[in-house]
Amino acid sequence: MMALVLRDVRRAYASGGATLVVAFFLLAAILFPFAVGPDATLLARVGGGVVWTAALLAALLPVERLVAPDLDAGVIDQLAVRGLSLAGVAAAKSLAHWLAFAPPVMAAAVVAAGLLGLPGRTLAVVELGLLLGTPGLAALAVATAALTAGLRGAGAVAGLVMLPLALPLLIFGAGAAESGVGALKLLAAASLVLVAGAPFVAGAALRAGMD
Amino acid sequence: MNLRLDGVACARGGRLLFEGLDLSLGGGAAAVVTGPNGAGKSSLLRLCAGLLRPVAGTVEAGRTALLGEQTALDGERTLAAALGFWATLDGTAARVGEALAAVDLAALADVPVRLLSTGQRRRAGLARVVASGAALWLLDEPANGLDVASVARLEAIVADHRAGGGAVLVATHLPLDLPDAAEVRLGMSA
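Chains as they are written, first to last, in this note's numbering: chain A, 1 to 211; chain B, 1 to 190.
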């Protein structure tokens, strides 16, 4: 399993993953000031939510590349022939996706906080929230990728599947900046549910795709 | 016994491809699956590999290596590294060099997989099977895209595997010289 995680992380970074994630995340975060105007107090107040929305979109960005290429190349078949559980494969892919997108996003969040004029305390809460919430996002992204692999226009469908399911993470993650520890606990719980459940959904989707 | 099929039936998309298929392969045995396009040759191999479930009957197989339509090798990595990934999963990383030599690709070990030609890719997929050390080989159209010399090498590799007590199930529409191989005909009833 570690070999699989390492392979996927290498592939994600080799295909320009980190640069793309950071650029996309910052671009999405910068769009908000252009849309709502340069009012510093307003931006500081909505900044936490902006960072979370951008993180959500950045997690969604590589969804088409998480599972579909491996399915096309027969990699999933070969893993199944070796008797590996497909839920285990999905869990390894979730971990690899998390390692590929969460550290760049968390680093870029510091830059985004500077651009939006977020106070240090808010940034700290947002970073803690990202640490708790991104594993859930990664697991959800892999399950979405497995469900939509092989569909035409998979990217658009993936957004429709994933974004509503990610709402709890967004609500509690962005809410933590204002309401504190309680929201962080709920964020961690929502993330844990996704981390524990999504690999089984993904595994079942992969298995169903073979028939 | 490396492979035993008992009264196996296979359906894809609600259409029955074959039924009542019995087959057993012991050490050193080989069988060739023949039949027209769409008769279910690839499906039979995927059944034996455990990727499809039979609608009736039972499939028992030992440790298996599958050469499918796709090579399942990462295009951006070198041939040796891409094969090494699978060999590591199989616990046979030391055999990659030997397997590459067996399919005459040792000179291309450092070339990225995406630069290989069709026939070279096919041989690289065969090298993955050779390196796996599995007792049962399932080869789906292994001779596709191979030149004459490579087909002879494929036949020699299969003979070697059988001499070592392995079993082989081959689906092919090209003639392959496999001595004493049983024949499984599909699609004759339709």
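In case anyone wonders, no lab produced these hints; they're calculated from the structure. Note that beta-carbon positions come from the ideal geometry of N, C-alpha and C, so glycine has one too. A few of these clues could be false.
[Claimed, not checked] Beyond 10 angstroms from chain A on every Cβ pair, some chain B residues (computed):
| no. | residue |
| --- | --- |
| 1 | Arg-4 |
| 2 | Thr-34 |
| 3 | Ala-49 |
| 4 | Gly-50 |
| 5 | Ala-107 |
[To be verified] To give an idea of the interface, some chain A residues facing chain B are shown, with a C-beta separation under 7 angstroms as derived from the structure:
| no. | residue |
| --- | --- |
| 6 | Ala-3 |
| 7 | Gly-74 |
| 8 | Gln-78 |
| 9 | Ala-80 |
Do the hints match the structure? See the list:
The Cβ of Arg-4(B) sits about 18 angstroms from the closest Cβ of chain A, beyond the 10 angstroms cut-off, so the non-interface label holds. Chain A leaves Thr-34(B) outside its interface by the beta-carbon criterion, the shortest separation being 23 angstroms against a cut-off of 10 angstroms. With a minimum CB-CB distance of about 5 angstroms to chain A, Ala-49(B) fails to clear the 10 angstroms threshold, and the non-interface call is violated. The claim that Gly-50(B) lies off the interface is violated: its Cβ sits roughly 7 angstroms from the closest Cβ of chain A, which falls inside the 10 angstroms cut-off.
The claim that Ala-107(B) lies off the interface holds: its Cβ sits roughly 24 angstroms from the closest Cβ of chain A, which is beyond the 10 angstroms cut-off. At its closest, the beta carbon of Ala-3(A) sits 5 angstroms from a beta carbon of chain B; the interface hint therefore holds under the 7 angstroms criterion. Taken as an interface hint, Gly-74(A) checks out: its beta carbon lies about 3 angstroms from the nearest beta carbon of chain B, inside 7 angstroms. Contact between Gln-78(A) and chain B, as hinted, is supported at the beta carbon level, the nearest pair being about 4 angstroms apart and thus within 7 angstroms.
Satisfaction of the interface hint for Ala-80(A) is found here, the shortest Cβ-Cβ separation to chain B being roughly 6 angstroms, below the 7 angstroms cut-off.
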